[in-house]
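Chains as they are written, first to last, in full-length UniProt numbering: chain A, 1 to 237; chain B, 1 to 88.
Don't read these hints as lab results, they were simulated from the structure. Possibly wrong hints are sitting among the right ones.
Stated by the list, open to error - Here are the computed lysine to any residue pairs in the SDA-like style, where the Cα-Cα straight-line distance is at most 20 Å:
id: 1; chain 1: B; residue 1: Lys11; chain 2: A; residue 2: Leu58
id: 2; chain 1: B; residue 1: Lys41; chain 2: B; residue 2: Ala54
id: 3; chain 1: B; residue 1: Lys41; chain 2: A; residue 2: Ile63
id: 4; chain 1: B; residue 1: Lys11; chain 2: A; residue 2: Asp107
id: 5; chain 1: B; residue 1: Lys11; chain 2: A; residue 2: Pro100
id: 6; chain 1: B; residue 1: Lys41; chain 2: A; residue 2: Lys142
id: 7; chain 1: B; residue 1: Lys11; chain 2: A; residue 2: Gly55
id: 8; chain 1: B; residue 1: Lys11; chain 2: A; residue 2: Lys232
id: 9; chain 1: B; residue 1: Lys41; chain 2: A; residue 2: Leu109
id: 10; chain 1: B; residue 1: Lys11; chain 2: A; residue 2: Leu188
id: 11; chain 1: B; residue 1: Lys11; chain 2: A; residue 2: Gly186
id: 12; chain 1: B; residue 1: Lys11; chain 2: A; residue 2: Leu215
id: 13; chain 1: B; residue 1: Lys78; chain 2: B; residue 2: Ala57
id: 14; chain 1: B; residue 1: Lys11; chain 2: A; residue 2: Ala151
id: 15; chain 1: B; residue 1: Lys11; chain 2: A; residue 2: Ala123
id: 16; chain 1: B; residue 1: Lys41; chain 2: A; residue 2: Asn106
id: 17; chain 1: B; residue 1: Lys11; chain 2: A; residue 2: Leu109
id: 18; chain 1: A; residue 1: Lys142; chain 2: B; residue 2: Asp52
id: 19; chain 1: A; residue 1: Lys232; chain 2: A; residue 2: Ala123
id: 20; chain 1: B; residue 1: Lys41; chain 2: B; residue 2: Gly19
id: 21; chain 1: B; residue 1: Lys78; chain 2: B; residue 2: Asp36
id: 22; chain 1: B; residue 1: Lys41; chain 2: A; residue 2: Gly55
id: 23; chain 1: B; residue 1: Lys11; chain 2: A; residue 2: Arg153
id: 24; chain 1: B; residue 1: Lys11; chain 2: A; residue 2: Asn106
id: 25; chain 1: B; residue 1: Lys78; chain 2: B; residue 2: Asp7
id: 26; chain 1: B; residue 1: Lys41; chain 2: A; residue 2: Tyr57
id: 27; chain 1: B; residue 1: Lys41; chain 2: A; residue 2: Ile144
id: 28; chain 1: B; residue 1: Lys41; chain 2: A; residue 2: Ala123
id: 29; chain 1: B; residue 1: Lys11; chain 2: A; residue 2: His108
id: 30; chain 1: B; residue 1: Lys41; chain 2: A; residue 2: Asp107
id: 31; chain 1: A; residue 1: Lys41; chain 2: A; residue 2: Gln76
Unchecked claim - Simulated DEER-style distance windows between Cβ atoms:
id: 32; chain 1: A; residue 1: Leu109; chain 2: B; residue 2: Glu32; range: 53 to 63 Å
id: 33; chain 1: B; residue 1: Gln39; chain 2: A; residue 2: Glu213; range: 54 to 64 Å
id: 34; chain 1: B; residue 1: Arg3; chain 2: A; residue 2: Asn236; range: 50 to 60 Å
Claimed, not checked - Incomplete in silico selection of chain A near chain B, CB under 10 Å:
id: 35; residue: Glu95
id: 36; residue: Leu104
id: 37; residue: Arg105
id: 38; residue: Asp107
id: 39; residue: Gly134
Even for Gly, the Cβ is constructed at its ideal location relative to N, Cα and C.
The residues making up each chain are set out below.
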Amino acid sequence: MTARVGVVTFPGTLDDRDTQRAVRLAGLEAVPLWHRDKDLKQVDAVVLPGGFSYGDYLRAGAISRFSPVMESVVEQARGGMPVLGICNGFQVLTETHLLPGAMLRNDHLHFICRDQKLRVENAGTAWTTSYEAGQEISIPLKNIDGRYVAAERVLDELEAEGRVVVRYVGGGLGGHPLQERRNPNGSLRDIAGITNAAGNVVGLMPHPEHAVEPLIGTGRTDGLGFFTSILKKLVNS
Amino acid sequence: MARVVVDVMLKPEILDPQGQAVHRALPRLGFEGISDVRQGKRFELEVEGPVDDAALARIREMAETFLANTVIEDFTVKIEDADVKAES
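Construct the complete structure from the given sequences, taking the supplied hints into account.
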């Protein structure tokens, strides 16, 4: 029996189908989960995909945090179940306090969409073992609320404990000043993704699920590693 | 029915690019003499029954867990008519 990865759909989620597809391409079984349903259908891991849950009203991710499915996700995540939050999913994870800090409007106030170069800083989390520490990858980024902030003390702690998972490096593909900026949104310390102390919960702003097939998007499959990592993790545990 | 107002503002140390964009537009529009602008959110709550200490405590809890993200935001709660101010 293959490992089962739940993919949550909130009202306003956009990337649930892409995420399910990425999960399947990595050799896992994708299990759709509905936000009003507390039952996680005995999945081994959960992905909170990108989009604009509840229209991002109030704050990005703030309303989804209180959905029935999140009660179960938070409880299981505290017990060690691997959870990956991508973009809006990352925002939901900070709102639940499974991850520290918060996500704010990009410092330039524009929606940004580009291929983003990242450096994998921590290849030891449940979602990054297919990469090597220091490896540079390129995956799409698309958001308007992508500026990661946290108190200095929290940032120092994240750095000291190796909990910065991926960092922005290099610019996008030229032309517009926004495209060429190294840091696409003003994230503190160029943070693009972080993990909790246990390494099972990871949030990241760029979208690995959009870079899993050579025929579409960037033409690269740099994002697939997040999903093959969880396969390795679940098969070995 | 009474109205309680919850004002939510980004903490002073958090960069507020929306407020800055508004601030930069002011001289262009002929409004001089404003040294800074920060943009927040105002929630007007119509409360059933009396706004006593218990009701205010519930509203403060609501503000703290939901209306504001206290990682990045401060809030104040006040009863609009009586002008009773309660600090977060």
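Please list, smallest to largest, the hint numbers that this structure does not respect.
2, 6, 7, 8, 12, 15, 18, 21, 28, 32, 33 and 39
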